[in-house]
Amino acid sequence: GAGVSQSPRYKVAKRGQDVALRCDPISGHVSLFWYQQALGQGPEFLTYFQNEAQLDKSGLPSDRFFAERPEGSVSTLKIQRTQQEDSAVYLCASSPSGRAINRELFFGEGSRLTVL
Amino acid sequence: DAKTTQPTSMDCAEGRAANLPCNHSTISGNEYVYWYRQIHSQGPQYIIHGLKNNETNEMASLIITEDRKSSTLILPHATLRDTAVYYCIVRSGGGSNYKLTFGKGTLLTVNP
Numbered sequence: 001g002a003g004v005s006q007s008p009r010y011k012v013a014k015r016g017q018d019v020a021l022r023c024d025p026i027s028g029h030v031s032l033f034w035y036q037q038a039l040g041q042g043p044e045f046l047t048y049f050q051n052e053a054q055l056d057k058s059g060l061p062s063d064r065f066f067a068e069r070p071e072g073s074v075s076t077l078k079i080q081r082t083q084q085e086d087s088a089v090y091l092c093a094s095s096p097s098g099r100a101i102n103r104e105l106f107f108g109e110g111s112r113l114t115v116l
Numbered sequence: 001d002a003k004t005t006q007p008t009s010m011d012c013a014e015g016r017a018a019n020l021p022c023n024h025s026t027i028s029g030n031e032y033v034y035w036y037r038q039i040h041s042q043g044p045q046y047i048i049h050g051l052k053n054n055e056t057n058e059m060a061s062l063i064i065t066e067d068r069k070s071s072t073l074i075l076p077h078a079t080l081r082d083t084a085v086y087y088c089i090v091r092s093g094g095g096s097n098y099k100l101t102f103g104k105g106t107l108l109t110v111n112p
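In the order they appear, the protein sequences are chains A and B. Sequential numbering of the first sequence, starting at 1, is according to the working numbering. Sequential numbering of the second sequence, starting at 1, is according to the working numbering.
Treat the hints as calculated values from the structure; they're not laboratory data. Beta carbons: idealized from backbone N, C-alpha and C, even for Gly. It cannot be assumed that every hint is accurate.
Cross-link-like lysine to any residue pairs, in silico, SDA-like; alpha carbons within 20 Å at most [what the hints assert, rightly or not]:
(1) A:K11 x B:K52
(2) B:K52 x A:R103
(3) B:K3 x B:K99
(4) B:K3 x A:K11
(5) B:K99 x A:T114
(6) B:K3 x A:E44
(7) B:K99 x A:K11
Reference listing, derived: stretches of chain B covered by chain A, where coverage requires no fewer than 3 residues with Cβ under 8 Å from a Cβ of chain A [to be verified]:
(8) 44 to 51
(9) 99 to 105
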């Protein structure tokens with residue numbers, strides 16, 4: 001498809017398990033973002049990539065969260081030793097421009113993580 | 001980035017215009033106003049953005065007051081599919097500012 005694709009759409013994990021969430025951005029898009037959205041809240045910024053470089057990871061809530069984009073296209077968000085407070089929808093967005101100014105972000109449908 | 005204030009919820013009748021207000025009284029000269037919406041169980045969708053002039057596209061119109069301290073998003077003929085959370089976001093036009101900072105937005109419910 002032409003849009004941002006995320007998988008899995010739904011993930012249930014037991015507390016303490018590791019999870020990996022995948023994002024396929026729109027082909028050719030330079031910028032890639034991860035956001036976390038808790039129930040009833042707006043999305044919150046986690047991290048930003050320009051091509052393969054992770055330029056900002058200031059929003060990652062702990063060192064259990066790790067993101068990578070090794071070839072500048074597909075990205076993976078990994079959460080180690082999941083906790084209940086990690087339950088949320090994880091949104092990926094991409095943009096064609098490295099500056100991303102005046103350019104819209106294209107969001108995927110998100111991966112809903114539930115930690116039991 | 002400047003903080004925005006939006007009503008928590010609004011209702012609109014199908015076929016009527018929906019006018020969604022946003023206050024951004026601390027906006028500075030190089031900050032743009034963006035609107036996104038999020039339909040239930042989907043990711044946010046870009047609607048429109050502007051700096052100081054009014055803007056219109058196929059989805060909506062954006063009216064920014066002359067002092068730029070507030071704006072209104074107008075959906076001219078709301079349909080049931082426009083029911084969503086609408087986010088007003090202010091973002092600097094500076095080259096290093098790439099983030100969108102979402103608030104809680106306005107839940108617009110379009111009623112038949």
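Status of each hint after checking the structure:
no. : hint           : verdict
1   : A:K11 x B:K52  : 43 Å, violated
2   : B:K52 x A:R103 : 17 Å, holds
3   : B:K3 x B:K99   : 14 Å, holds
4   : B:K3 x A:K11   : 33 Å, violated
5   : B:K99 x A:T114 : 26 Å, violated
6   : B:K3 x A:E44   : 14 Å, holds
7   : B:K99 x A:K11  : 27 Å, violated
8   : 44 to 51       : holds (count 4)
9   : 99 to 105      : holds (count 7)
Figure legend: structure checked against the earlier numbered hints; hints not met, in rising order: 1, 4, 5 and 7.
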